[in-house]
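**Q** This is what each chain is made of:
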Amino acid sequence: MTTVAVLAALLAGAYAVAVLEAWARTGRMRPGGPLFAAAALIGRESFVPRKPDRLFFEAAPVLLLVAAVLAAAVLPWAPGLVIVDLATGALFVNAAFAYVLVALIMAGWGPDGAYAMVGGWRFLGQLIGYSMLIVMPITAVAMRAESLVTTVIVDSQAGVWNIVYQPLGFVLFFIAAMALAFLPPFDLPTAPGELAGGVEAEYAGRRLAVLRLARALLVVAVALATTVFYLGGWRGPWLPPWAWTGLKTLAVAAAMFALGGRLPRVREAHFLAWCWKLGIPLALLNIFVVGLLVLAVP
Amino acid sequence: MHAQTFFIAFFGLAAVWFGVAVFRTSSMVRSALALLFSQTAIGAMFLAMQTEFLGVLQIMMMATEMSIMAIFMVMYMMDPGGLGAMEMTHQKRFSIAAGAIGGGAALAVAVLTPWGPVVAQAPAAAQQTRALGLELLGRSMLVFETAGVTILTAMIAATAVAVRRREGKAAR
Amino acid sequence: MSTLAQYALLLGLAVGSAGAALALYGLARAVGRERREPGKDVPATAGRLSPKPVWVRYHARYYGYALLFLAFDMEMAFMYPWAVVYRHEGLVALLDMGVFLAILFLGLLYGWSRGALRRQ
Amino acid sequence: MIHGARRGAWSGLRRLTARAQAQMLAAIVVPGPEVAAALGLDLAGAGLLPAASPRHASVLVVAGALPAQLREAAAVLYAQMMRPRAVMALGAGTLAPLPGADVVAELSQPALLDAVRRLRRAIAGGAFRRDAAGFDAPVLRSRTEYVCPMHPEVVRDEPGSCPKCGMTLVPREAQDEGGHAPDAVDASTGMEMEAGRGGGESAYTCPMHPEVVRDEPGSCPKCGMTLVPREAQDEGGHAPDAVDASTGMEMEAGRGGGESAYTCPMHPEVVRDEPGSCPKCGMTLVPRAAAAKDAPEAGHAADAASEAAGGRHAPMDPSGAEHSAAAHTGMDHGAMDHVAGHSTFMSMVAVTRDLPRSPDGLPMDWIEVPFGPLFPGLPGGLSLVLTLDGDTVAGAAAQAPVAAAAAAVADAGGRGLPAAEFARRLGAMDPLAPVAYRLLARRALECAAGVEPDSRGARARAGAAERERLASHLAWLAVFLGRLGLEVHARRSWGLAASMRGADAARIAGLAAAVRVLVRGVRRTPLLETRLAGIGRLAADGRLRGPVARAAGVAADGRVGDPVYGALGFEPVTRPDGDARARLAVRLDEIEQSLRLVRAAGVLDDSGVPGIGAASGTGEALVETPRGGARLAVSVERGRVTAARLDTPSTVLLERIGSLVAQCELGDALTAVASLDLSPWEVVA
Amino acid sequence: MTAALIAALVTGAALFGVGLYGALSQTNLVMIMMGVELILAGALVNLAAFWRFLHPGAYAGQMFVLIVMTVMALEMAVGFGVATARFRAKGSVEMEEAGELKG
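Protein chains in written order, with my numbering: chain Z, 80 to 377; chain V, 762 to 933; chain Y, 54 to 173; chain L, 42 to 726; chain X, 8 to 110.
Worth flagging that the hints you see were computed from the coordinates, not collected in a lab. Only a predicted model underlies this, so the values are computations on that prediction, with no experimental measurement involved. Heads up, some of the hints might be wrong.
[To be verified] With the C-beta cut set under 7 Å, the calculated list includes, among others, these residues of chain L facing chain V:
(1) Leu396
(2) Pro397
(3) Asp401
(4) Gly491
(5) Val492
[What the hints assert, rightly or not] Far from chain V, some chain Y residues (derived; all Cβ distances over 10 Å):
(6) Gly65
(7) Arg89
(8) Val138
[As the list claims (entries may be wrong)] With the Cβ distance kept under 10 Å, some of the chain V side facing chain L (calculated, not the full set):
(9) Met836
(10) Asp840
(11) Gly842
(12) Gly843
(13) Leu844
(14) Arg900
(15) Ala918
(16) Val922
(17) Val924
The beta carbon of each residue, even a glycine, is placed where N, CA and C say it ideally should be.
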């Protein structure tokens with residue numbers, strides 16, 4: 080029952096995210112847009128390029144979908160409203176997110192097209208940048224909660240949300256989460272103006288539909304993770320807990336889209352340099368500061 | 762508990778199957794990703810064995826590491842797409858024999874050794890992580906710090922051999 | 054829920070979402086089949102047919118980062134268990150991890166100074 | 042009913058999806074969105090969504106008349122779109138080889154809105170039909186050829202193994218150049234095909250850059266030397282390799298025959314083409330066949346090499362069950378099947394030895410990837426082929442296949458063109474700057490005829506030219522910002538650019554506030570400067586013109602010294618850096634400047650034809666087009682233009698692309714090219 | 008329960024065998040590393056199985072697994088570093104050519 084409820088919430092979230100993304104791209108809010116888009120994609124042809132790595136080409140969208148769903152499965156919407164309250168939930172989220180990379184590499188390599196291949200390998204470079212900035216801030220969150228269980232992490236923010244407790248970690252995580260979901264300005268693997276769609280370039284019709292669905296779910300998962308780790312999860316007055324989680328998640332997603340439409344796409348060299356020369360030292364500093372805070376303020 | 766044995770065996774089979782696939786495909790990216798899925802299956806096996814932290818860690822670490830392996834294979838292998846279906850092995854018969862003997866010996870040990878009583882109940886997953894943390898800061902502290910030094914050595918070694926310094930240009 | 058049941062549920066979710074994707078494919082199949090036409094199956098390259106394979110030895114310019122990353126990434130394996138018991142252990146833990154991270158950071162600095170942190 | 046419908050009868054599900062597809066129209070615009078904007082079309086405003094790849098597009102929008110070369114490219118795009126797909130032709134003439142347009146309309150925004158409505162109806166009611174016809178065009182035909190994965194210069198018409206390394210050749214499709222019908226290429230007819238094609242391959246390569254291989258004659262994109270047929274190259278070019286001891290196979294393979302090879306009995310990898318002693322052990326070399334007989338096991342490498350050199354190859358036999366040694370220079374087994382536990386390696390050293398090295402010293406495979414002629418984010422019609430070394434550009438070949446400018450000027454030969462017709466043609470040649478070129482023709486003709494323009498008319502024309510600059514810079518800004526992912530600003534810029542067409546001074550004054558807001562917004566965009574700094578740096582020299590030169594600190598501007606502009610209070614804008622950031626800054630400044638100039642001019646008028654009567658003479662004029670100063674020299678005889686010479690800014694820019702993008706990251710390289718704002722239409726070869 | 012232990016150990020043995028075959032048969036440095044990775048993976052499985060089924064109280068066992076994982080990563084880092092250097096110098100990472108080209 081919980082599982083069904085959470086899955087429904089995820090799908091609703093993905094729908095809302097699709098509306099938001101269309102808004103960011105076209106400037107118009109069309110509540111029915113994603114429905115039309117899905118119906119249109121299902122009715123269109125979906126061609127497999129000649130002599131591709133067929134297995135990769137077919138598996139990539141599905142793997143992306145699975146990764147997004149699994150990541151979201153360990154994140155709570157409300158007390159008890161979580162599919163699997165894993166003892167190592169915070170780590171498991173990372174593990175599931177890691178397969179986004181695998182899916183994109185497959186999607187890039189599969190069709191034997193130049194734009195797609197460059198896009199796929201670009202994302203590997205991107206991962207080398209953002210990966211540390213996902214795990215290190217989560218470590219700091221776990222330090223405060225003394226646990227990797229996601230529900231415990233939410234409980235640990237009963238007094239002060241982590242966004243206040245460790246703002247540096249939040250900023251780093253937020254940026255890295257955008258990069259993880261290859262949202263603009265970190266959309267290097269798909270880069271519409273640079274690679275003509277990149278890893279998505281050869282996907283059409285039903286496969287593109289699954290890819291887009293998976294991407295929307297990934298954005299939901301990323302935003303949900305931000306909510307759970309930094310925004311106090313379901314905590315909030317008046318409204319029921321699940322509503323707070325949903326609202327915060329959508330707010331995070333909307334913030335990501337709004338930011339993305341107003342920033343120029345980063346250069347990969349810059350992104351890597353910033354992540355390693357600035358991001359990692361800052362993340363370590365964050366851990367250190369949180370370490371002192373945790374000991375000083377019990 | 763039969764389910765546990767079943768899943769261990771199932772993922773074990775998957776791991777071995779993917780492991781074999783590593784050397785049976787001529788596409789380098791497939792080869793690297795086969796190794797990745799072999800490692801993922803091992804991670805799943807760990808989960809089936811109720812060593813949750815290690816399992817999830819394995820699943821996470823290997824995804825990124827093996828993907829990086831894929832790019833290095835694409836960089837340095839002659840025909841990364843496997844289009845030419847070229848042969849890349851030598852001393853095949855010897856290798857098969859060695860593999861069979863080595864694996865067989867390990868197998869024999871595994872099957873023939875009287876392992877004694879087996880513990881049915883694993884510690885709770887959350888408790889495992891805590892205990893591992895305590896171990897890390899307690900008895901195994903030196904091991905842990907040594908690992909740090911080893912990682913440092915590896916970083917220095919890898920950088921020193923692989924990165925060519927460019928003269929006249931400061932590292933930006 | 055026992056841990057094993059949790060894992061089974063996760064496995065079921067994975068299989069289930071893959072199944073959902075396949076079901077969607079099935080639905081799309083019911084709409085019609087693809088039609089083979091000349092030029093359609095060649096990867097799209099901006100209005101020019103470019104049918105050569107692109108699977109060649111690809112030069113990833115970030116391999117300097119990648120090598121450091123392979124080693125640096127392992128620190129995570131130690132940090133998570135450490136983080137969980139951090140408050141319990143107190144200052145000693147901070148010191149221990151501080152030394153560990155300082156050692157790793159040295160490696161990072163070395164790589165930086167050698168020019169690993171740039172496009173090669 | 043649309044031409045690109047899917048085959049099938051109507052059903053409930055299909056009706057549903059057809060309706061949804063009519064709602065979600067993702068469009069690809071040819072020749073490009075900047076042309077559409079210059080023609081006054083705001084596609085996003087009409088509800089068409091941009092599609093990044095033809096795979097995602099359902100509508101091909103043709104804006105304006107397409108030259109033949111671009112029609113072919115458009116046909117390729119159309120073929121790669123997924124059904125159901127439609128063509129919308131706006132003011133386009135012939136479309137072949139594209140199938141007929143599904144919706145035809147005039148070139149105007151209201152007509153576009155109406156066309157989109159009709160298209161939605163057509164798709165909703167015709168996305169599926171029982172008798173949907175297939176699409177084919179000569180440009181899509183391809184033949185299969187076989188190429189070695191390691192040696193791209195090895196191209197064969199039938200399967201086999203590579204003569205250099207013995208690897209199995211991989212099939213690939215080659216575009217047919219029309220010379221032979223595709224079905225004539227049949228793998229089974231091997232030999233005679235080869236003979237029939239006049240000595241085999243149609244591959245041409247550069248004597249200096251062996252990695253440059255083309256299917257047709259031409260010149261090397263790297264050094265400009267004339268390409269030579271590959272065979273000729275092979276014979277001469279391989280001599281140095283043969284002296285190299287490191288890899289027997291490779292050099293052996295290079296030379297056709299197997300007769301004159303000598304090898305060491307102990308070191309089969311040592312192969313020489315003359316007698317001598319082994320560099321490893323000093324033993325006297327023996328003729329290869331003999332060596333193989335003496336030591337069948339050791340003779341392996343040489344054997345394989347000789348086989349590979351033999352010319353005809355059986356496909357590789359993976360079972361590799363039997364090894365028949367020695368004198369078999371024959372055809373019965375492939376180069377690399379060997380008994381288990383013993384194998385010959387194809388030398389990777391040999392493969393990589395001659396490859397060009399990247400700056401970090403790694404010899405990698407380079408691929409040529411087309412980014413044009415219809416690449417989103419680059420000017421439509423610019424045919425850019427980048428040689429990619431990973432994600433870095435190792436070289437570029439840029440062409441402007443449209444050649445509209447050359448045609449427009451060439452027409453002025455012989456009996457000559459009437460002056461008015463000449464001016465019309467010059468104005469129609471570049472859809473991105475019609476006013477400037479009409480003005481240029483007019484000035485040159487007036488100069489030839491010795492007519493002095495009246496000052497009020499000159500001011501009105503200057504105003505019109507500035508309006509065009511506004512529209513052009515705004516359209517460029519839209520493309521450029523869209524490329525960088527700044528969707529919000531790009532959208533605004535599109536609308537403004539489209540609404541500049543035909544606007545009068547009052548209307549422009551009305552739009553000025555919105556333009557200023559946009560410009561300010563772009564200037565304030567965080568990280569944009571960092572993003573663009575250092576990309577595409579071009580040093581100023583005498584030949585650069587227009588905003589690109591002004592961004593490099595040179596006040597090269599045709600408006601300087603023009604009394605009309607002097608009266609309007611014109612001062613050229615310059616920036617010192619010469620990179621993409623400076624170009625953006627200069628164009629933003631010029632947008633504001635043009636707003637001021639338009640207001641100062643007060644009237645905008647570019648109508649009227651040069652009234653030069655039956656005058657004769659020669660004249661020359663310079664007009665600052667949005668892309669820089671264009672110069673036109675004309676000879677007029679009795680009112681007819683008999684000769685004309687045109688010099689345009691984009692011609693110079695096109696030449697610079699190669700050096701501009703070398704060793705840039707792919708995204709940076711494309712940004713650099715896009716920052717030039719070159720118009721392929723005005724390129725004079 | 009012993010069956011579960013045996014199943015894990017058999018997997019470890021099989022992985023070891025496959026890895027050994029790979030490490031010996033491959034001609035290429037990078038592919039040899041894959042073989043080594045598999046051998047180490049086999050060791051991982053065994054270590055985890057021993058910890059879980061024989062000594063679940065001794066967390067040094069888990070620590071050992073962590074160390075083996077570290078070794079895997081470091082092997083790759085150093086291996087690829089060497090491969091890069093070799094490829095730059097020789098244009099190849101084939102092992103056989105390593106010997107031949109020394110002189």
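**Q** Against this structure, judge whether each hint is valid.
**A** Consistency of the hints with the structure:
no.	hint	result
1	Leu396	violated (12 Å)
2	Pro397	violated (16 Å)
3	Asp401	holds (6 Å)
4	Gly491	violated (59 Å)
5	Val492	violated (59 Å)
6	Gly65	holds (12 Å)
7	Arg89	holds (22 Å)
8	Val138	violated (3 Å)
9	Met836	holds (7 Å)
10	Asp840	holds (5 Å)
11	Gly842	holds (7 Å)
12	Gly843	holds (9 Å)
13	Leu844	holds (4 Å)
14	Arg900	violated (45 Å)
15	Ala918	violated (18 Å)
16	Val922	violated (13 Å)
17	Val924	holds (8 Å)
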